[in-house]
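Colleague: The listed protein sequences correspond, in order, to chains S, U and X.
Residue numbering for the first sequence follows our numbering, beginning at 1 and increasing consecutively.
Residue numbering for the second sequence follows our numbering, beginning at 262 and increasing consecutively.
Residue numbering for the third sequence follows our numbering, beginning at 545 and increasing consecutively.
These are computed hints drawn from the structure, not numbers from a lab.
These numbers were taken from a predicted model, which means no experiment stands behind them.
Mixed in with the good hints there might be a few duds.
As the list claims (entries may be wrong) - The calculated SDA-like cross-link candidates involving lysine to any residue, where the alpha carbons are at most 25 angstroms apart (straight line), are:
1) Lys111/S - Asp573/X
2) Lys40/S - His237/S
3) Lys361/U - His237/S
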Amino acid sequence: MRVAEKISAASEKEALVRFEISDLNFYYGAKQAVFGLNLKIPKNRVTALIGPSGCGKSTFLRTLNRMNETIRHTRVSGKILLDGQDILQMDVVGLRRRVGMVFQRPNPFPKSIYDNVAYGLRINGYKGRLDELVEHSLRRAALWEEVKDYLKKSAFALSGGQQQRLCIARALAVDPEVLLLDEPCSALDPVTTAKIEELMFHLKDSCTMAIVTHNMQQAARASDFTAFMLDGKLIEHSETSKLFTTPTDPRTEAYITGRFG
Amino acid sequence: MSRVRLLWRKSLNAVMLTLTGVAAFAVVSVLFLILGYLIWNGGRSLNWDFFTQLPKPVGEEGGGMANAIVGSLKLLFLAAVMGLPVGLIAGVYLAEFGGKTFSFVVRYTTDLLNGVPSIVIGIFAYSLAVLPVKHFSALAGGVALGIMVIPITVRSSEEFLRAIPGSLREGAMALGASRWRTIATVVLPAASGGILTGMLLSLARVAGETAPLLFTAFSNRFWSPGWGQPIASLPVMIYTYAIAPYDDWHRQAWAAGLILLGLVLLANLGCRLALRGRGMGRS
Amino acid sequence: MSTSATTIDGAVPPKAGPRTFIDRLHDGDEVAHVITLVFAATILLITSLLVYELWVNSHLSRAKFGLAFFWTSTWDPIFDHFGAAPFIYGTLVTSIVSLIIAVPLGLAAAVFLAELAPRNLSDSIAFLIDLLAAVPSVIYGLLGIFIVVPLMRTVVGPALKDTLGFLPIFQGPNYGVGFLTASIVLAIMIVPFIISVSREVLLTVPREQREAALALGATRWEATWQVVVPWARTGIMGSIFLALARALGETMAVTMVIGNDPKIRESLFAAGYTIAAVIANEFTEATGDLYLSALIELGLVLFLMTFILNGLARILIVATERGGGHPS
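Excised from the complex, chain S in its bound form (with noise of 0.2 angstroms):
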């Protein structure tokens, strides 16, 4: 089913704005590689953002969890407010506690699957029943059948599709508010990529979702709003289907057909 085909227009102009990011620059030292964006991703729904191979969508998607703070000599300005706090100003700590991150290639910890998942846990402070938080976010992940009887191997022992949705679990463990994903199943199979994709639909409802693809047919299949970004700035922002279909930007039309890539 057409994820897009479910949103009524009535209910887009409704959706509530989790991130507002405005006049955003990035510079990597002296190159900018962000100019002036400004985009509203929408709670609860999964945005898309796509582009050729250097526009600085990954680069973006890293600035909403300050992942790009571990660089040195990078630089951001403009605002980047989560529910209406901006983010540059706050605890970067708890700020990756809410919004979370899945990584392009798998990376998980070299410990048990439970202690990959229980990790998050552990280090917010949580105290409690861990145990059943664990199922939990395994279930999220739809990895929980697969795992349940070896929860005590170590990651390693899984595929490459199963670690990713490790790693999915592991984010959801502590309940983000916020997914940030980075070109999840570039390294993966394409069942597992529908596995996956078919797990940030049911997660929509308590999540609200970023996705960097450099697959167009992901995007048009998974997300309910898409950016098309270029040389760093925001070409084109709106509603999948309407992109897709009817975009308004000649540049925009030239990439999805495309023309260029």
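Please arrange chains U and X on chain S, whose structure you already have, making use of the hints.
Modeller: This is chains U and X only, laid out in the frame that chain S set:
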């Protein structure tokens, strides 16, 4: 191309290549020679007394090296306590926090310290721990060995920490872990196997050192309670007994040599095999 | 499959508002940075202190003898007259002779391991040679006393005298201990370092070099000796310097077989003394502050020698890693 010249070149080729093979095998056979001799001479002299008895008075036959065995263990313990934490934490600094110039200076100085002859380290430890109190002690020996442990531990800790991929760190930080939390709960555990092996190797290295102990821990023909008295150690005993004129002492020196070499080689063998198996950093 | 989110009871809620110093302190990152930095700085402290102590404690001797210390050859504890010349001589002679023995041997073995042996065999042998490097000095000394010394006295010495006895270095009485014996034992001790570093360096020489030579009709030996080894020569030089630095500082094995005679002699069969050996033997016997100070000054000299050599060695090895020693 004259046939004679060609023949000459080909024979030279054969001869030289054979010689290189001979050289390689000659060097390796030295290892087996050493082991063989020690096992032959030392094995004959190993008995229960060796491990349980104290040395007999000079000139008398018999006795053992129980105090030296315990002494070496005590010294290694001191060296571990003093040197390993410094090495590890400095390694963490270099791998995780280091600024460019300061790290360079630290690494350079570590290499410098590593290259200092062990007898000079002995002089240093002497001036630090023996001169002020005017007597030899186990503690002074521990200081000397502890200093020697540091450079090896720093280098290996740094290496194994660097081998942990950045994606693991990012995964932890994205979950809201602070820098030090990431290091303590993800990076260090992941690198722990290699780091521990490196530590064991550094201890195996100083276990055989004699020179730095000659005027720090000195020696002792009796038990050495506590940490403030001169203490016997296997390497020093081997040295003392080997240069003495008593056959019985020579016999015991072989036995002690066998034990020392056996332990050092076993530790090295075990550690290196473990490192090869894991292929550096992966668990 | 449940899809609703649960709130986590008891989890620490994120803080709103700007971060204060207390917040950052709580994080622990700054603290961790400082603590680890302090430990790293400790190494600098230890090393500086070492140089300082050597300098200060050798003051008496330096003040009394000045630069003449380096070329005075008396070593007289009774009349408090000390000179470093015999020990510098002994250290240099044993180290250089040990290099003369070890370099051809080590280089040949490294060539075999890098060029000729199949990879598995090469790795296994290299592994065993690394074990050889781990054998403690005192064990080499033990074998030196009971195997090499008698051999020198009964077999090697006479053989050398018969063949090369016209050379002054092989004349004079031969009791088994002496410069030559110490050099042989040293050679065995440093050969593993030459082999392991040279082997690694040789393995980095690009295949194309070898192949180009072979394609021109060179024999394997010619390709190796005339093309591969020269390409790696800077790194090999580095390994030799490293081995030399090691040899200079070797104490126990040398002490046990060198004869402990502080004299400068021509013959390699003669007994001699090295800096490390005299410190090892006489430090605890030193009566008087000047005596001790002279020994510590010797330690300072040794430190400087190894410091310079190690520095040179590293420059050479790094240079090979960068450019293969060849301008392209």
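Colleague: State for each hint whether it applies.
Modeller: Here's how the hints hold up against the structure:
1. Lys111/S - Asp573/X: 23 angstroms, holds
2. Lys40/S - His237/S: 9 angstroms, holds
3. Lys361/U - His237/S: Distance of about 43 angstroms is beyond 25 angstroms: violated.
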